[in-house]
Each structure stands twice: as C-alpha cells, then as structure tokens.
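Protein chains in written order, with numbering that gives the first Met the number 0: chain Z, 0 to 338; chain C, 0 to 157.
These are calculated hints, taken from the structure and not from any lab test.
Be a bit skeptical, because a hint or two may be false.
The calculated lysine-lysine pairs, modelled on BS3-like cross-linking and capped at a C-alpha distance of 30 Å, are [claimed, not checked]:
1. K29(Z) to K49(Z)
2. K216(Z) to K188(Z)
3. K133(C) to K291(Z)
4. K114(C) to K216(Z)
5. K51(Z) to K87(Z)
6. K29(Z) to K5(Z)
On a predicted model such as this, the values are computed, not experimentally measured, just so you know.
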Amino acid sequence: MSVNGKPKFAMYWAASCGGCEIAVLNIHEKILDVDANFEVVFWPVAMDAKYKDVEAMPDEAITLTLFNGGIRNTENEAMAHLMRRKSKILVAFGSCACAGCIPGLANLSTREQIFEAVYEGVSTDNPTGIRPDFQWAAPEGNLHIPEFYPVLKTLDQVVAVDYYMPGCPPESHQIGAVVDLVIQALQGKATLPPTGSVIGAGTSTVCDECPRIRNVKTIQHFTRIQQLAAIDPNLCLLEQGIPCNGPATRSGCGALCPRAGAQCIGCYGSSDGTLDFGARLMTAFASVIEGKEPAEIERVLDTLPDPVGQFYRFSLAHSMLRAAPVVLEEEEQYATHHH
Amino acid sequence: MNDTFEPVIIGFTCNWCSYRAADLAGTARVKYPPNIRLIRLMCSGRLDPTFVLKALTSGADGVLITGCHPGECHYLEQNYKTLRRYLMLRRVLTQMGIEPERIKLVWASAAEGVKLAQEITDMVEQIRALGPFKSRYPLPLNPPEVAHVQPTAERGTA
Ligand code: SF4
Ligand code: SF4
Ligand code: SF4
Ligand code: FES
C-alpha cells in the first residue's frame, strides 16, 4: 500500500461536531511535519477515501489514528472496530471520544425524546411528523441508514483505546506536542507513555494553572456570568459565585477560559485519580457553598438550575451512572433484540 | 413490590458517632435488619460522592450516610460539607430519573443506637417499596488491557 514507506496516519470522526478536525488543521506549520513524516491514508474531512480502502488494508497497517466523536449509531461503532483493527495506535481524540462531551448529555433522554426534539422541535418544520426509517425497501433494493443507539458511548466503551487526548477540542499546542512525540518515537528518539495514558494534557487541575486569587470565601448563591455587571479580573470566579469547573478539570489548556474571564466548563475532563468528574466537583462546591441548614443550602442550590449539566457537561457518558436508568433500560432491550 | 427482594444498603458511618451507635445497638441487642453493610470512615466528611455512586452502580439499592450531629463533628465542620454533598447528590439523582430516597442522611451520636437501628429499619422498608436499583454498569471505566506493541522505527516503516 505504502507508496513512500512512511508510517500511515488516519483521522476519523464519529458523533462529532467537526471542531476536533479544525483543531488539527489549526496546528499551523506543524501540519507540514505530519505530511513530511506520515502518509495520510484516511481522513474523510480532508481527503477522498472510502471505507473499503481501509477495509482492504492489512491489520495494524495504520500507525496512528486520531478518532474523534462518540459512538451514537451502528456506523460509528463499526468504524470504531475497523479503525481499531487497522491501527497500531488508536487515540481517543477530544472530549467526545474520551468522555462523551455535549452529545453525551443526550444520555438523559430516551430515543423518542431525542427524536421528538430533533424532528418535531420548535425549530423544525415537519407538519406530517416524518421520522427516519433505518431500513427502506426501495424498488432498486433495500436501503439502510445507520441505526441510532439508545445510549451514546465513549470510544473506550466499545474498543480498546491506546491513548486519551482530552479537550473540546484539544488545544493546538498540545496536538503539536503529541505529533512531535510520536514522530520522535518513530525515529527511536523517544518512548511513548504506557498504554491507557492521557496525552497532550497535564495531570493536575485547571485551578493549578489559573492565576486568579482564592481567598477561601464562601458564596451564598451562584450567578450566570452574563448576569453580572462586572467581574473582578483577579479574583477566583467560583468565589464570585460563577460556577467554575476548574477544581475538577484536568490541566493542559493553561486555564484558557478563566484567564479570559469566563468560567471553566470542564472540557478537559477529569484530572488524574478521579473516577467521576461530577463527584469531584460536588465535593469542591460543597466547600465553597455557605449554609449549615438544609433550607439555606437548598436556596443556594436552587441557583444551579441544571445540576447534571453543571457537574457532567463533558463527562456524562463516561461517568459512573453513564445515563438515566430509563435510557440504560432501552439499551438493554436494544441489545437483547440485536444480538 | 417483590416478595423475594431483599434490599442491599451500604451504610457509611463515622468513627466517632454513628459507628459507635451501631456498635451500641449490637451490644444492647437492639434488632435491625441485616440488609445493611456498614463501612466506617473517620468522619462523615470523608464521604466522597464517588463512594455513593460506586455503591449504587455496584449493586446497592440504597446508601445510608451517617455522621455526628451538626456542631458535634470531631473535625469541626466537615459534616456540613457532607450535608451539602448529600443535597447536591439528591438533585443529580433526581435529574437522572433516580429516586432521591435511595440515599439518606442521618445524624446519630454514639449514644443513639436505638435511633440508628430505627432509621436503618425504616430505610430498608422504604427501599423495599422502591424495588431494586438495577445497576446497568457493565462497561469498563478503564479500557481493557491490550497487548499493543509500541511502535518502533522498524515497525513504523514496515
Ligand atoms: S470534542 Fe468538542 S470539538 Fe471535538 S468533536 Fe466533540 S464537540 Fe466537537
Ligand atoms: S475555580 Fe475557576 S477561577 Fe477559581 S481558581 Fe479554579 S479555575 Fe480559576
Ligand atoms: S478552561 Fe476549562 S473549559 Fe476552558 S479550555 Fe480549559 S479545560 Fe476547557
Ligand atoms: S467526626 Fe463524625 S461527622 Fe465528623
């Protein structure tokens, strides 16, 4: 297959927004290093290639695959298995592949609720309520479109993953550093970290990278950032009542958002040693919330109207609960029907 | 709900109060149902919400959190943090569509063996009425071990 003997590179998107692809292109002149050191064999967003081309490759023919997006349907899952088989190094690239990200928040809703919102929601003009059919007997033969799963899964919930690269999307300088590392490793000048490692990020928290001052001040209510007339430029946002997810979020971005005056919403996922992002964040928030009486505390919590969205914005699909039990029940039924 | 259903409840206790209360209930032969498995922490403030989620996703039908009465925590104010975590967890569970009654917070001093036994008995009945919490957490949090060969220059260019 190889025309020039270079190691092969692939990038694939499953249930994703395209931002991760842009982030890779955004590594500027480093993209030339990718081109100089790799033969790009499959990258639907950037080049024309067919699934059958990948299928025809020998197993492990691709040295490095960056896989972004979650597993939402049959096509995503089939591609996850295919890319796993064909790749030596499979990287869960970006928050969607690592932890479910925003698409994972759909794990709060059943398929019916999702379809209702999508095909009959306020922004949709669909008077006859048309819904997709996953199979259709057309005169020319049976047509199939990928079947929508009840639950969004992360990449490592369907195949083994070598590395995790968090971020929504991963920061360009971090992508550049990982590309460098892989190239060095291919040349025998560096060794790759152990399988299962998080790469292109730090090990501690965004708070550790954040220059804002903390005064161990407690707060009486949370405020949406856009409702504040002014934000103190030097003080910790959480202590100003803005629900900042920095205490639970993995470092690596350089505390981009709090530096720019916006709260960290947690896109780099859990820091080292944390099993459940939301649990870690609840622990952190418990230390800053004021109140010793249940009613007093409840009043503070009333100002966080979407607790799951706050505590699991990027991590629900990879949390311990994963999805609403009613959604998991659907998944179980789906699995028994299809296996 | 189900005649044969015996709820499994994980109970987190504080070394200085509720653990002793449970002990006292035992030595005083106060009866409480065997459905609860007690785990001792040094203080209720050690209760990480991860423990509760881990219990629920590992087969528990309910989780009881106990600690010293407000103002009596041996580490000053840790039990207030526990209270806040508990109230946050309830909200998360509710939004996920899980009955918040599956978790319960009880303050019990070392002398309150009878009270604790009664709270345990009540909780077992409440969870029995709710039915089992079907844990569907078969997926690994961490990827399965893979014997993947790390690329070397030779492999990479092979
Ligand atoms: S991680 Fe963020 S940028 Fe990447 S595909 Fe998902 S939503 Fe888009
Ligand atoms: S909570 Fe947010 S603003 Fe405060 S130190 Fe941490 S990252 Fe910075
Ligand atoms: S500050 Fe938080 S939300 Fe912003 S880029 Fe960093 S990890 Fe993501
Ligand atoms: S010592 Fe008992 S709750 Fe802190």
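Violating hint indices (sorted, rising): 2, 3, 4
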